[in-house]
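Kindly generate the complete structure, drawing on both the sequences and the hints.
Under our numbering, the very last position in the sequence shown is 173; numbers go up by exactly one each time.
Please note that the accuracy of each hint is not assured.
[Stated by the list, open to error] The calculated EDC-like cross-link candidates involving lysine to aspartate or glutamate, where the alpha carbons are at most 16 Å apart (straight line), are:
| hint | residue 1 | residue 2 |
| --- | --- | --- |
| 1 | K154 | E79 |
| 2 | K70 | E94 |
| 3 | K141 | E94 |
| 4 | K138 | E94 |
| 5 | K105 | D68 |
| 6 | K154 | E49 |
| 7 | K173 | E133 |
| 8 | K108 | E133 |
| 9 | K108 | D68 |
| 10 | K154 | D124 |
| 11 | K154 | D68 |
[Claimed, not checked] Label-pair ranges, simulated between beta-carbon atoms:
| hint | residue 1 | residue 2 | range |
| --- | --- | --- | --- |
| 12 | G86 | Q137 | 24 to 34 Å |
| 13 | G140 | V48 | 37 to 47 Å |
| 14 | K70 | R158 | 17 to 27 Å |
| 15 | A66 | S91 | 15 to 25 Å |
| 16 | K138 | V101 | 17 to 27 Å |
| 17 | K105 | P171 | 13 to 23 Å |
| 18 | V48 | K173 | 31 to 41 Å |
| 19 | Q93 | S159 | 11 to 21 Å |
| 20 | S91 | K141 | 32 to 42 Å |
| 21 | H135 | G102 | 16 to 26 Å |
No wet-lab data here; the hints were simulated from the structure.
Remember, it's a predicted structure, so these values are computed and weren't measured experimentally.
Even glycine gets a Cβ: it sits at the ideal position worked out from N, Cα and C.
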Amino acid sequence: MSTRYLIISPILVVLLFAATLASAQGTPKLPSHAHAAADTAASQNVPVEAQAAATVVDQFGTALQAGDLKAVELLLDPEVLILESGGAERSRQEYLSHHAVGDAKFLKEAHVQLLRRTAGRSGDLVWVGSESEIHFQKEGKPITLLSTETMVLKNVSRSWRIVHIHWSSRPQK
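Pasting the structure below:
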């Protein structure tokens, strides 16, 4: 079995997990993710061996919401795969040159409330699944999105780097 297969296999498992968390309903025409710093009074099931990676997930959200794209860049692996609303960005550079600025602008005006978080670790990989509400105003009306996020992080030279992100959201009914 090749090394590449060993890395992809856990990622596929995480993607299946993310699909069960995500809603099958249509996606809004707004950013469909909750990758900003969130309230900490959420239900969390993060084992000790995954806590450092979960902290990187929080740092990523905080940096993105603040518009600190340099910090965002440092937390993403160069070959990160980001899936959202049926689309894909296949590298850190692609994300930073396309959606990162719009995501930061949207999140700057939003309030993200973390509801639940769970995580697990297998060797040098950690997955972190988060469920959140994103509160914001559009055309003067309050809107709440229910959002799910899965991140896979890899331990690279004693640092956790995000190698995969999947975001999915839908309007709260």
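Consistency of the hints with the structure:
no., hint, result
1, K154 / E79, "holds, 12 Å"
2, K70 / E94, "holds, 14 Å"
3, K141 / E94, "violated, 32 Å"
4, K138 / E94, "violated, 28 Å"
5, K105 / D68, "holds, 11 Å"
6, K154 / E49, "holds, 13 Å"
7, K173 / E133, "holds, 12 Å"
8, K108 / E133, "holds, 15 Å"
9, K108 / D68, "holds, 11 Å"
10, K154 / D124, "holds, 5 Å"
11, K154 / D68, "violated, 22 Å"
12, G86 / Q137: 24 to 34 Å, "holds, 26 Å"
13, G140 / V48: 37 to 47 Å, "holds, 45 Å"
14, K70 / R158: 17 to 27 Å, "holds, 21 Å"
15, A66 / S91: 15 to 25 Å, "holds, 23 Å"
16, K138 / V101: 17 to 27 Å, "holds, 19 Å"
17, K105 / P171: 13 to 23 Å, "holds, 20 Å"
18, V48 / K173: 31 to 41 Å, "holds, 37 Å"
19, Q93 / S159: 11 to 21 Å, "holds, 19 Å"
20, S91 / K141: 32 to 42 Å, "holds, 36 Å"
21, H135 / G102: 16 to 26 Å, "holds, 18 Å"
When each numbered hint is compared with the structure, violations occur for hints 3, 4 and 11.
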